[in-house]
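Novice: Below are the chains, spelled out letter by letter.
2 protein chains.
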Amino acid sequence: MAAPRRTAADLAERLLAGDKRALARAISLVEDDDPEGWALVQEVYPRTGRAKVVGFTGPPGVGKSTLMGALVRHARERERQVAVLSIDPSSPFTKGALLGDRIRLAEHFLDAGVFIRSMASRGSLGGLSEATLQAALLMDASGKDEVLLETVGVGQAEVDIIDHADTVVLVLQPGSGDSIQALKAGVMEIPDVIVVNKADHPLADTMIREIRGVLSLGPPMSWRVPIVRTEAALYKGIDELVERIDAHREHIEAEGTLAERRRRNLENEVMTLAAVRLRRKLEASTRDDAEVRELLDEVVARRVDPATAAARLLEREL
Amino acid sequence: MAAPRRTAADLAERLLAGDKRALARAISLVEDDDPEGWALVQEVYPRTGRAKVVGFTGPPGVGKSTLMGALVRHARERERQVAVLSIDPSSPFTKGALLGDRIRLAEHFLDAGVFIRSMASRGSLGGLSEATLQAALLMDASGKDEVLLETVGVGQAEVDIIDHADTVVLVLQPGSGDSIQALKAGVMEIPDVIVVNKADHPLADTMIREIRGVLSLGPPMSWRVPIVRTEAALYKGIDELVERIDAHREHIEAEGTLAERRRRNLENEVMTLAAVRLRRKLEASTRDDAEVRELLDEVVARRVDPATAAARLLEREL
Numbered sequence: 001m002a003a004p005r006r007t008a009a010d011l012a013e014r015l016l017a018g019d020k021r022a023l024a025r026a027i028s029l030v031e032d033d034d035p036e037g038w039a040l041v042q043e044v045y046p047r048t049g050r051a052k053v054v055g056f057t058g059p060p061g062v063g064k065s066t067l068m069g070a071l072v073r074h075a076r077e078r079e080r081q082v083a084v085l086s087i088d089p090s091s092p093f094t095k096g097a098l099l100g101d102r103i104r105l106a107e108h109f110l111d112a113g114v115f116i117r118s119m120a121s122r123g124s125l126g127g128l129s130e131a132t133l134q135a136a137l138l139m140d141a142s143g144k145d146e147v148l149l150e151t152v153g154v155g156q157a158e159v160d161i162i163d164h165a166d167t168v169v170l171v172l173q174p175g176s177g178d179s180i181q182a183l184k185a186g187v188m189e190i191p192d193v194i195v196v197n198k199a200d201h202p203l204a205d206t207m208i209r210e211i212r213g214v215l216s217l218g219p220p221m222s223w224r225v226p227i228v229r230t231e232a233a234l235y236k237g238i239d240e241l242v243e244r245i246d247a248h249r250e251h252i253e254a255e256g257t258l259a260e261r262r263r264r265n266l267e268n269e270v271m272t273l274a275a276v277r278l279r280r281k282l283e284a285s286t287r288d289d290a291e292v293r294e295l296l297d298e299v300v301a302r303r304v305d306p307a308t309a310a311a312r313l314l315e316r317e318l
Numbered sequence: 001m002a003a004p005r006r007t008a009a010d011l012a013e014r015l016l017a018g019d020k021r022a023l024a025r026a027i028s029l030v031e032d033d034d035p036e037g038w039a040l041v042q043e044v045y046p047r048t049g050r051a052k053v054v055g056f057t058g059p060p061g062v063g064k065s066t067l068m069g070a071l072v073r074h075a076r077e078r079e080r081q082v083a084v085l086s087i088d089p090s091s092p093f094t095k096g097a098l099l100g101d102r103i104r105l106a107e108h109f110l111d112a113g114v115f116i117r118s119m120a121s122r123g124s125l126g127g128l129s130e131a132t133l134q135a136a137l138l139m140d141a142s143g144k145d146e147v148l149l150e151t152v153g154v155g156q157a158e159v160d161i162i163d164h165a166d167t168v169v170l171v172l173q174p175g176s177g178d179s180i181q182a183l184k185a186g187v188m189e190i191p192d193v194i195v196v197n198k199a200d201h202p203l204a205d206t207m208i209r210e211i212r213g214v215l216s217l218g219p220p221m222s223w224r225v226p227i228v229r230t231e232a233a234l235y236k237g238i239d240e241l242v243e244r245i246d247a248h249r250e251h252i253e254a255e256g257t258l259a260e261r262r263r264r265n266l267e268n269e270v271m272t273l274a275a276v277r278l279r280r281k282l283e284a285s286t287r288d289d290a291e292v293r294e295l296l297d298e299v300v301a302r303r304v305d306p307a308t309a310a311a312r313l314l315e316r317e318l
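Read top to bottom, the protein sequences are chains C and Y. According to full-length UniProt numbering, the residues represented by the first sequence are 1 to 318, in order. According to full-length UniProt numbering, the residues represented by the second sequence are 1 to 318, in order.
All clues stand as given, with none of them false.
Identical copies go unnamed one by one, so any copy, or any two together, can satisfy a pair.
Below, computed lysine to any residue pairings styled on SDA-like, alpha-carbon distance capped at 25 Å:
| id | residue 1 | residue 2 |
| --- | --- | --- |
| 1 | K52 | T308 |
| 2 | K184 | R117 |
| 3 | K20 | P35 |
| 4 | K52 | E298 |
| 5 | K52 | R303 |
| 6 | K20 | R302 |
| 7 | K52 | R302 |
The set of hints was computed from the structure by calculation and includes no laboratory data.
The task is simple: from the sequences and hints, build the whole structure.
Specialist: See the structure below:
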């Protein structure tokens with residue numbers, strides 16, 4: 001452990017100084033589940049908690065990446081350091097569907113005050129939600145004023161991934177009927193801010209009325225969810241969106257829910273990381289084990305049920 | 001363990017004889033994570049593997065429950081025993097949004113050859129996917145020829161829940177733009193059969209063309225995903241849908257992928273159940289523990305990072 005720790009300290013220093021390449025390297029280490037990555041997060045953790053973390057979710061195709069680009073521009077005009085983490089769940093079925101999206105952020109790649117990174121959702125060992133939090137912590141420690149997390153999807157799973165954010169923004173466009181239905185049926189939780197992008201579309205008003213209708217069904221809450229119209233490609237509505245996001249943050253700070261939210265997230269994180277490690281330990285100790293193979297064959301042959309097999313595995317292990 | 005086991009044997013006998021109340025009781029036990037429930041699954045497991053299991057997913061509001069009703073009617077006209085398990089992810093935000101859907105199945109409630117059951121997704125201890133499989137096994141053991149699993153949602157998470165099915169059907173309606181985008185971007189895996197319900201809608205043809213476009217992007221596969229038009233409320237297209245589902249099953253049987261699919265699912269199930277038990281054990285041993293509380297406070301105060309805290313928890317436990 002001595003060698004990686006020393007390297008980590010060195011990398012940590014550069015990361016804390018805001019070095020982009022150090023940050024990129026650090027996130028790769030965490031994503032690859034490298035012990036050096038974990039040592040690094042440990043090192044810089046006391047320097048986290050300062051950045052404003054905003055999470056964006058919504059169906060593919062609504063223009064989220066264009067919106068990220070606009071928000072980066074807005075932040076840079078105010079000389080704020082900003083990081084964008086795109087959680088990209090493309091399956092092997094259609095590779096590169098989101099590659100075009102990344103290009104929309106290209107104008108910012110050379111700006112030292114901007115850090116942009118994609119992370120793939122499949123195959124991440126510790127679970128994508130964990131990798132997301134670790135990456136967000138690293139971005140925070142590297143001195144970013146704002147960390148924007150972006151996930152592509154239309155369900156609760158995607159909202160869960162960005163639940164580490166202080167503010168959760170749902171981005172829709174006219175025609176996002178499935179998402180409205182999901183909100184209405186309670187399949188997806190109500191976000192803190194809703195954006196209707198491509199608001200020049202003739203059906204935008206209908207869409208906003210539908211969203212208002214859904215929101216009116218809910219119980220009265222201390223925070224009234226604003227619906228913001230944007231045309232991200234034309235940089236329209238961006239000022240208002242930022243105002244609303246800031247207002248939400250001020251609201252939860254004043255109310256005390258920001259501290260509560262962060263505590264709950266961190267506690268969950270600890271338990272989840274512990275559970276993931278337990279599962280990995282179990283998987284490592286059963287892989288290529290003839291006895292386990294036999295037990296699984298018994299399950300497939302319908303002689304031993306899955307729960308009994310699980311119990312036997314644990315008796316054997318612990 | 002002796003007493004619950006005896007009760008389980010008694011309940012098992014009635015369940016295997018096809019008693020509806022015994023089946024309902026058994027599923028409740030599994031859902032409540034009662035040891036009696038697990039003993040029961042153990043008892044009847046050798047009698048499973050016979051039913052055809054079909055999973056349905058799709059956004060809320062597309063008419064899935066009406067479609068389930070039509071499929072139940074179709075099965076009953078052929079004197080086949082059928083069970084429907086609806087996995088209902090309604091959040092506390094809008095209670096009862098799906099209650100109306102259940103009413104559409106009401107005409108079948110008194111039919112002894114039909115079993116209908118809802119299960120809630122939040123709060124299920126062992127994970128909803130596990131409870132779904134256990135319930136499906138119980139339905140299978142009780143002599144149902146067909147088990148229909150239905151989940152409401154628009155993402156990969158919902159597809160994962162019904163991944164225990166032999167055939168996965170995605171139900172859409174004209175206007176399901178978000179779901180098409182999710183398929184296109186590879187955010188959601190391609191199902192085995194796609195249904196376009198409410199196919200009398202003027203935009204149905206456009207919708208079908210869009211789906212064809214998405215499917216044509218994928219790699220050539222041995223199974224060509226059929227798109228079936230239905231008007232479930234008028235019982236239109238149901239014969240064709242059943243034919244396509246049966247054809248898919250014959251295809252995977254002939255190809256050998258049915259056995260493969262079931263093996264993979266059962267093996268995953270064993271590992272997941274073992275992991276869930278490990279996590280619960282961990283949570284039980286740390287709950288209300290002053291030392292753990294202190295450790296979590298250190299994390300919130302940014303003095304100990306989450307991964308280090310997780311490692312300390314495990315050192316303490318194992």
